[in-house]
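Starting from the given sequences, assemble the full structure and let the hints guide the process.
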Amino acid sequence: MAKASLHESTYLILTALVEAPRHGYAVLDEVRRISDGRVDLRAGTLYAALDRLRTEGLIDVEREEQVQSRLRRYYRLTAAGVQRLAEESARLRSNADAASVRLRRAGLIVEGGAA
Amino acid sequence: MTLHQVYRLLLGCYPRAYRRQYEDEMIGVLLDDAAPGQRRPLARDVSALLGGAVRAHVRQVGARFSVEAWRDAAQVLGLIAALLLFVHAARVPVLHLSMYAQSYPDGIGEPFVLWPGGPLAALWLVVAVFAALGRGRAAAAIAVGGAAYEVVRVAEAYGQYSTVRNLWPAVLAAMVPLALAVRASRSATAVLARWRLGTLAAATVVSVGAPSVAMLTGADDSTSPIYGTWIFTVGVGRVEAILLTAGYLLFALVILSTPTVLRLRLLALVVPVGVTLLLTRVGLKTTGTFLEHSSHDGVPDALTGAQWSTLVLAPVVLFAVAVAILHHREHSRPQRA
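Chains as they are written, first to last, in UniProt numbering: chain A, 1 to 115; chain B, 1 to 337.
It should be emphasised that the hints constitute simulated quantities derived from the structure, not laboratory data.
Treat the hints with care, since some could be wrong.
Residues of chain B clear of chain A, computed beta-carbon distances all greater than 10 angstroms [to be verified]: (1) V29; (2) A48; (3) A56; (4) R71; (5) L133; (6) V205; (7) V239; (8) A246; (9) L262; (10) L267; (11) V316; (12) A320; (13) V321.
Example chain A residues on the side facing chain B (calculated, C-beta under 8 angstroms, incomplete) [what the hints assert, rightly or not]: (14) G24; (15) Y25; (16) L28; (17) V39; (18) A43; (19) G44; (20) T45; (21) Y47; (22) A48; (23) R70; (24) R72; (25) R76.
Glycine included, each C-beta is placed from N, C-alpha and C at the ideal position.
Right under this line is the structure:
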């Protein structure tokens, strides 16, 4: 059975964890950076997603530390998370390529923008 | 109140287990993300936190109900409820057929008595057989038709007589497809031991046959009828009432004899039906009761908004309370199956 596509914020959270394990606030920051500020996750939304991703085994806690008496938990991608992100990226790329080819063929866009 | 305290207050909306896991961490992130000098939370943060709290509660409830014990309970409830609805629908048609068999040419004197009770009884029997065979999804699909009929019947009765006395079969019938649609690793037959299945069969036969036995033996001819609210029906003779009670006690015995984990869940699942039965048979009497149902010339008035609200909300709320008590009990004192 085909897996359901990832919600954009979930996709970006997984992407934010590719290069290194990050704590919650760093994930928020990285998601904003990756999306050029378009996706502005709030803490309530972020932790709902992190909890679900942990349950699904796509991310895991790497370590915890106290910084200025605040708990910081660092999350990392699991092997299943890497695979899921790679599959979703391939799916998105395939869809985007198909759309671009058809738009170009119909003369509705030229390279780099709308016709 | 400081920003930290406001966030702590908002996080109080989350389930306790979720708070234990994430509360301190989330407060750290919320404070890190706040602007310098910010005194109040942003509306977007409040909205995300409240939405997250609702989702966390829904997920927690979903996780609790997905355990095998609830799945087993759903299958067993589906089977027992289908048999009870069969009993409810089949009593009169069976009485009618019994009288034909005993050379009463007019049966009980109503030519259309086999319709719709006969087909409806057959439908619930098929549902019960499918449930017993572990074909829960097929049984659920068939049960949808029976449930729809029960709902239409109670709606018609309300439209004509403003009465909801027979609401309980509709509530029970609506639960059957929901219960049987739950994916379970084993059937109701596998969950219940063989003697319980035999007891269920006996309970069904005794309950269905009660009016026929009383009528054909003439045992009730010399006894005064009982008009009670305790027997799921009204205007029955004493012998019939005793037989019906025996049948229902056998059904109760099956439920009460199951292992604690299953028994508590079955009892919680029947709470909505029990509450509906009590409200409609006891609480909505025409005089001097908690939910007085006023009448003019013997015809009850339409139910008020408050009465409808109570009828709808009380079963749901008390079911939720029963489930919460059950989970709290098991959490604080783990049960052995």
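Status of each hint after checking the structure:
Remark: the non-interface label on V29 (chain B) conflicts with the geometry, its nearest Cβ contact in chain A lying 4 angstroms away (cut-off 10 angstroms). The Cβ of A48 (chain B) does not lie farther than 10 angstroms from every Cβ of chain A; its closest approach is about 3 angstroms, which violates its non-interface assignment. Under the 10 angstroms C-beta cut-off, the non-interface status given to A56 (chain B) relative to chain A is violated; the minimum distance is some 7 angstroms. At roughly 19 angstroms from the closest C-beta of chain A, the C-beta of R71 (chain B) stays outside 10 angstroms, upholding its exclusion from the interface.
Distance check for L133 (chain B) against chain A: the nearest CB is about 26 angstroms away, which clears 10 angstroms, and the non-interface claim stands. Annotated as non-interface, V205 (chain B) keeps its C-beta farther than 10 angstroms from every C-beta of chain A; the closest such distance is 44 angstroms. Annotated as non-interface, V239 (chain B) keeps its C-beta farther than 10 angstroms from every C-beta of chain A; the closest such distance is 58 angstroms. Non-interface call for A246 (chain B) relative to chain A: holds, since the shortest CB-CB distance, roughly 49 angstroms, exceeds 10 angstroms.
Interface exclusion of L262 (chain B) from chain A stands, the closest Cβ pair being 26 angstroms apart, more than 10 angstroms. With a least CB separation of 30 angstroms from chain A, L267 (chain B) remains clear of the 10 angstroms interface cut-off, as annotated. For V316 (chain B), the non-interface assignment is confirmed: its Cβ lies about 25 angstroms from the closest Cβ of chain A, beyond the 10 angstroms cut-off. With a closest Cβ-Cβ approach of about 22 angstroms to chain A, A320 (chain B) is found to remain outside the 10 angstroms limit, as its non-interface label requires.
V321 (chain B), annotated as away from the interface, keeps every beta carbon of chain A farther than 10 angstroms; the closest lies near 26 angstroms. Restraint check, G24 (chain A) versus chain B: the minimum CB separation of about 4 angstroms is within 8 angstroms; hint holds. Nearest Cβ of chain B to the Cβ of Y25 (chain A): about 4 angstroms, under the 8 angstroms cut. The hint holds. Satisfaction of the interface hint for L28 (chain A) is found here, the shortest Cβ-Cβ separation to chain B being roughly 6 angstroms, below the 8 angstroms cut-off.
Violation of the interface hint for V39 (chain A) is found here, the shortest Cβ-Cβ separation to chain B being roughly 13 angstroms, above the 8 angstroms cut-off. With a least beta-carbon distance of about 5 angstroms to chain B, the hint placing A43 (chain A) at the interface is held under the 8 angstroms criterion. With its C-beta approaching chain B no nearer than about 3 angstroms, G44 (chain A) sits inside the 8 angstroms limit, and its interface hint holds. Because the smallest distance between the Cβ of T45 (chain A) and any Cβ of chain B comes to about 5 angstroms, under 8 angstroms, the interface hint for this residue holds.
Because the smallest distance between the Cβ of Y47 (chain A) and any Cβ of chain B comes to about 5 angstroms, under 8 angstroms, the interface hint for this residue holds. The restraint placing A48 (chain A) at the interface with chain B holds, with a minimum CB-CB distance near 4 angstroms, inside the 8 angstroms limit. For the restraint placing R70 (chain A) at the interface with chain B, the shortest Cβ-Cβ distance is roughly 3 angstroms, inside the 8 angstroms limit, so the hint holds. Because the beta carbon of R72 (chain A) sits about 7 angstroms from the nearest beta carbon in chain B, less than 8 angstroms, this interface hint is met.
A cut of 8 angstroms between beta carbons decides the hint on R76 (chain A): the least distance to chain B is about 15 angstroms, and the hint is violated.
When the structure is compared with the earlier hints, violations turn up for hints 1, 2, 3, 17 and 25 and for no others.
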